[in-house]
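Now for the letters of each chain:
2 protein chains.
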Amino acid sequence: MMRMKRVILIVIFAVGTMASAQTKQDVDLIISGGTVVTMDAARAIIHDGSVAVRGDSIIAVGPSSEIEKRYRSPQVIDARGSLVLPGFINGHTHVPMTLFRGLHDDVTLNDWLRKYIFPAEAKNVNAEFVRWGTRLAAAEQIRAGVTTFADMYYFEDAIAEETKAAGMRGVLGETFIDFPAPDNKSEAQMLAYTENFLKRWQGDSLIQAAPAPHSIYTCSKKTLQDAAALARKYHAPILIHVAEMKKEWDDSEKEHGMSPVSYLNSIGVLGPDVVAAHCIYVDADDEKLLAEKRAGCVHNPSSNMMLASGVSPVPDMRATGVAVGLGTDGPAGSNNDLDLMEEIDLASKLAKITKMDPRALNAKDVVEMATIDGARALHMEKEIGSLETGKKADVVLISLDEPNAVPMYDIYSQIAYSLKGSDVETVIIGGRVVMRDRKLLTVDEPAVLEKAREYGESVKKSLQME
Amino acid sequence: MMRMKRVILIVIFAVGTMASAQTKQDVDLIISGGTVVTMDAARAIIHDGSVAVRGDSIIAVGPSSEIEKRYRSPQVIDARGSLVLPGFINGHTHVPMTLFRGLHDDVTLNDWLRKYIFPAEAKNVNAEFVRWGTRLAAAEQIRAGVTTFADMYYFEDAIAEETKAAGMRGVLGETFIDFPAPDNKSEAQMLAYTENFLKRWQGDSLIQAAPAPHSIYTCSKKTLQDAAALARKYHAPILIHVAEMKKEWDDSEKEHGMSPVSYLNSIGVLGPDVVAAHCIYVDADDEKLLAEKRAGCVHNPSSNMMLASGVSPVPDMRATGVAVGLGTDGPAGSNNDLDLMEEIDLASKLAKITKMDPRALNAKDVVEMATIDGARALHMEKEIGSLETGKKADVVLISLDEPNAVPMYDIYSQIAYSLKGSDVETVIIGGRVVMRDRKLLTVDEPAVLEKAREYGESVKKSLQME
Numbered sequence: 001m002m003r004m005k006r007v008i009l010i011v012i013f014a015v016g017t018m019a020s021a022q023t024k025q026d027v028d029l030i031i032s033g034g035t036v037v038t039m040d041a042a043r044a045i046i047h048d049g050s051v052a053v054r055g056d057s058i059i060a061v062g063p064s065s066e067i068e069k070r071y072r073s074p075q076v077i078d079a080r081g082s083l084v085l086p087g088f089i090n091g092h093t094h095v096p097m098t099l100f101r102g103l104h105d106d107v108t109l110n111d112w113l114r115k116y117i118f119p120a121e122a123k124n125v126n127a128e129f130v131r132w133g134t135r136l137a138a139a140e141q142i143r144a145g146v147t148t149f150a151d152m153y154y155f156e157d158a159i160a161e162e163t164k165a166a167g168m169r170g171v172l173g174e175t176f177i178d179f180p181a182p183d184n185k186s187e188a189q190m191l192a193y194t195e196n197f198l199k200r201w202q203g204d205s206l207i208q209a210a211p212a213p214h215s216i217y218t219c220s221k222k223t224l225q226d227a228a229a230l231a232r233k234y235h236a237p238i239l240i241h242v243a244e245m246k247k248e249w250d251d252s253e254k255e256h257g258m259s260p261v262s263y264l265n266s267i268g269v270l271g272p273d274v275v276a277a278h279c280i281y282v283d284a285d286d287e288k289l290l291a292e293k294r295a296g297c298v299h300n301p302s303s304n305m306m307l308a309s310g311v312s313p314v315p316d317m318r319a320t321g322v323a324v325g326l327g328t329d330g331p332a333g334s335n336n337d338l339d340l341m342e343e344i345d346l347a348s349k350l351a352k353i354t355k356m357d358p359r360a361l362n363a364k365d366v367v368e369m370a371t372i373d374g375a376r377a378l379h380m381e382k383e384i385g386s387l388e389t390g391k392k393a394d395v396v397l398i399s400l401d402e403p404n405a406v407p408m409y410d411i412y413s414q415i416a417y418s419l420k421g422s423d424v425e426t427v428i429i430g431g432r433v434v435m436r437d438r439k440l441l442t443v444d445e446p447a448v449l450e451k452a453r454e455y456g457e458s459v460k461k462s463l464q465m466e
Numbered sequence: 001m002m003r004m005k006r007v008i009l010i011v012i013f014a015v016g017t018m019a020s021a022q023t024k025q026d027v028d029l030i031i032s033g034g035t036v037v038t039m040d041a042a043r044a045i046i047h048d049g050s051v052a053v054r055g056d057s058i059i060a061v062g063p064s065s066e067i068e069k070r071y072r073s074p075q076v077i078d079a080r081g082s083l084v085l086p087g088f089i090n091g092h093t094h095v096p097m098t099l100f101r102g103l104h105d106d107v108t109l110n111d112w113l114r115k116y117i118f119p120a121e122a123k124n125v126n127a128e129f130v131r132w133g134t135r136l137a138a139a140e141q142i143r144a145g146v147t148t149f150a151d152m153y154y155f156e157d158a159i160a161e162e163t164k165a166a167g168m169r170g171v172l173g174e175t176f177i178d179f180p181a182p183d184n185k186s187e188a189q190m191l192a193y194t195e196n197f198l199k200r201w202q203g204d205s206l207i208q209a210a211p212a213p214h215s216i217y218t219c220s221k222k223t224l225q226d227a228a229a230l231a232r233k234y235h236a237p238i239l240i241h242v243a244e245m246k247k248e249w250d251d252s253e254k255e256h257g258m259s260p261v262s263y264l265n266s267i268g269v270l271g272p273d274v275v276a277a278h279c280i281y282v283d284a285d286d287e288k289l290l291a292e293k294r295a296g297c298v299h300n301p302s303s304n305m306m307l308a309s310g311v312s313p314v315p316d317m318r319a320t321g322v323a324v325g326l327g328t329d330g331p332a333g334s335n336n337d338l339d340l341m342e343e344i345d346l347a348s349k350l351a352k353i354t355k356m357d358p359r360a361l362n363a364k365d366v367v368e369m370a371t372i373d374g375a376r377a378l379h380m381e382k383e384i385g386s387l388e389t390g391k392k393a394d395v396v397l398i399s400l401d402e403p404n405a406v407p408m409y410d411i412y413s414q415i416a417y418s419l420k421g422s423d424v425e426t427v428i429i430g431g432r433v434v435m436r437d438r439k440l441l442t443v444d445e446p447a448v449l450e451k452a453r454e455y456g457e458s459v460k461k462s463l464q465m466e
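Protein chains in written order, with this note's numbering: chain A, 1 to 466; chain B, 1 to 466.
Worth flagging that the hints you see were computed from the coordinates, not collected in a lab.
The beta carbon of each residue, even a glycine, is placed where N, CA and C say it ideally should be.
Coverage of chain A stretches by chain B, computed from C-beta distances (three or more under 8 Å per stretch; other residues unrestricted):
hint: 1; stretch: 138-149
hint: 2; stretch: 301-308
hint: 3; stretch: 326-337
hint: 4; stretch: 347-360
hint: 5; stretch: 441-451
Sequences and hints are given; from them, build the entire structure.
Here it is as structure tokens:
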């Protein structure tokens with residue numbers, strides 16, 4: 001149908017304006033007439049700009065007048081009056097935990113894990129559960145302009161299938177942990193499952209499979225090294241929680257005589273393929289090490305505040321050259337949503353109050369963290385994170401036709417402090433329109449909401465709540 | 001038209017079921033079948049509950065089956081699948097500053113005030129400016145479920161007219177400050193203007209006029225006392241910034257030998273009519289004094305973080321018996337929006353990370369701060385803040401039909417951490433429906449957005465930006 005329309009349009013066009021038609025290249029999609037916030041190296045902003053897309057990639061970005069001269073497309077999205085940005089990157093989450101959203105909040109992390117989440121997971125998590133949780137998370141994330149997310153959970157192969165079905169880009173980490181998990185009951189099983197998982201998704205256009213050793217306090221040196229070796233065999237990233245808790249630092253100093261970051265380095269795990277979530281308890285030496293080894297870090301302000309974990313020294317890490325992205329963390333107990341625009345806002349405000357300096361992280365800094373620096377943190381800066389020729393066509397349109405969007409004195413400030421996830425109107429991932437004018441096109445939202453409510457009831461029953 | 005419909009309905013009903021019709025009372029509006037979060041003294045939550053409204057007040061709240069038996073109405077709002085709550089109370093803001101939203105962020109408070117905001121105000125603020133800013137703020141606040149706000153600005157009489165026109169409830173403070181303001185150029189003028197303002201709005205159903213001496217560091221003892229005396233003459237509240245900055249505390253200790261709160265008490269200003277915004281630099285003695293004198297406090301977490309002002313000891317103040325509400329503060333330089341649901345979320349998270357204890361403020365605590373405790377802080381707990389017979393019918397319906405709203409294990413947790421301002425679907429203030437299914441009924445939104453953009457351009461020109 002699309003093909004047919006295009007052919008007809010080309011024919012009409014060819015008859016009408018023979019000469020100019022010959023000079024125009026066909027593309028699959030043009031996003032036309034918006035304020036294009038490229039996040040390229042020059043941080044160029046193009047007023048009345050357009051983005052031309054062919055297949056899953058960006059062919060050209062520039063002033064609308066130039067793009068119109070050079071390209072023609074059967075599909076044009078009118079972006080006038082909107083901001084056009086690279087899709088937001090949620091660098092750390094556990095998407096199936098949408099189904100545990102708000103299960104038991106306002107308790108200590110230890111109580112939450114041992115009394116509520118571990119029992120809830122043991123009784124409820126299976127492949128079907130993670131499929132529905134992933135679908136719900138896809139709906140929620142697309143609605144808030146997230147186009148790529150990095151996940152750590154169980155049954156990650158099922159998560160990958162659902163992520164791809166929703167048209168989202170995912171860096172999906174299968175968990176290694178030194179106790180029987182809901183999917184794999186031993187390290188041998190974890191290794192076998194993950195190797196199959198890595199093999200299966202090699203070369204996929206949307207999915208990057210990865211091993212995810214949970215942390216230094218739940219994985220032995222051997223588990224950490226085995227997971228890293230597997231990642232390196234398949235050129236996959238390594239997703240891991242690092243220095244999230246004070247106890248983790250204290251125990252590491254006691255057991256290994258060094259910090260969590262130094263310990264990971266000393267056993268050969270730290271490297272340019274590591275994505276380290278949290279990085280709260282890091283000192284100046286750790287920061288230097290993270291920068292030298294080109295490991296990426298992901299800051300999760302909502303989660304760190306909600307669990308009272310501590311505050312990551314993000315301004316210092318950035319100054320030291322560490323790539324720092326942003327994450328929501330899981331939507332249960334530690335947030336409780338998947339709205340990355342709130343993390344943009346919060347990252348700036350948390351840094352300001354922590355440093356007692358309103359200049360600690362500015363609006364542009366935190367928009368960078370949600371886009372190009374998030375891409376660097378996931379080691380995907382060649383593919384995503386900015387609107388540039390050759391990159392994947394992951395694009396969000398944000399409405400400026402809302403009371404909270406006017407007037408606009410500074411674009412980055414507006415994105416960071418005034419615009420909301422709910423202002424995202426259209427989302428394109430790899431050239432595919434997954435939400436148009438707030439209508440989801442790749443997720444059956446009513447079915448997902450209904451199923452989520454059913455899971456809510458069955459989880460309550462399993463825990464004998466109410 | 002409405003009257004006509006009601007008559008017809010009554011006639012039909014009377015013919016059909018003579019007996020039961022005689023036992024039913026007529027009301028003007030029934031909100032039917034929702035999950036009613038009353039915020040009454042017992043914090044009752046009614047599943048499949050209804051609220052009956054006559055005139056601007058609540059006639060009854062209870063199970064739908066009971067309300068149906070006792071009342072009939074020509075106007076029924078179907079709340080099935082939604083939460084029904086008392087409207088949110090924004091206890092501290094400067095609504096016309098919507099038109100300066102994002103004018104210059106990420107600078108120190110001193111630079112922001114002296115280099116940007118004071119010059120911008122001197123060049124741009126007049127009665128027409130505050131009218132448009134108030135209309136924009138009304139649109140934004142209604143969209144996020146705010147039904148009452150407390151304001152401090154200039155030309156407050158014009159703000160009152162626009163607040164009433166938008167159907168919102170306002171506690172509106174005309175500023176006293178010891179330098180020429182955009183409206184009044186001397187204390188004598190401020191007193192005369194404010195006395196007229198207080199007289200004009202006495203007994204109004206929506207507007208409570210008030211004097212707003214800016215702070216102890218911008219008002220002399222005489223100005224503070226004159227403003228307080230005027231308030232007391234007309235039984236109006238006194239709105240004031242208190243202990244927002246470290247410098248304010250230090251200077252007060254140096255000049256008066258006591259804290260800002262103690263100083264206000266020593267000069268007879270502190271009392272059960274004071275609404276003290278911020279209260280960051282307060283010690284245990286100040287907390288006791290605030291509680292004893294029954295002054296209300298308003299916590300503004302976004303603003304305090306954005307301006308790096310400090311963190312108010314909210315859990316301690318609550319424990320001491322101080323009524324603490326929530327505010328957005330002004331939407332320029334210090335937030336930058338008027339979404340009170342973000343403050344609910346943030347108040348909890350900021351308290352947790354500050355105390356390094358996830359139990360510091362729980363979900364119910366912060367929902368209280370946005371509703372019944374916000375009413376107490378404004379000294380309006382007899383009128384608003386909960387859904388109870390005799391109170392004003394200020395009611396919001398929040399959709400649970402969104403990906404971020406499911407599943408639901410705990411209602412307060414969902415409100416505090418997962419639901420968004422954009423999930424508010426219908427808003428009723430004093431029995432009048434001001435937003436229905438996200439359509440604003442009292443503000444000409446397109447006209448307001450266009451005018452706000454125009455003001456953006458003229459403000460830029462006045463400051464020779466771009």
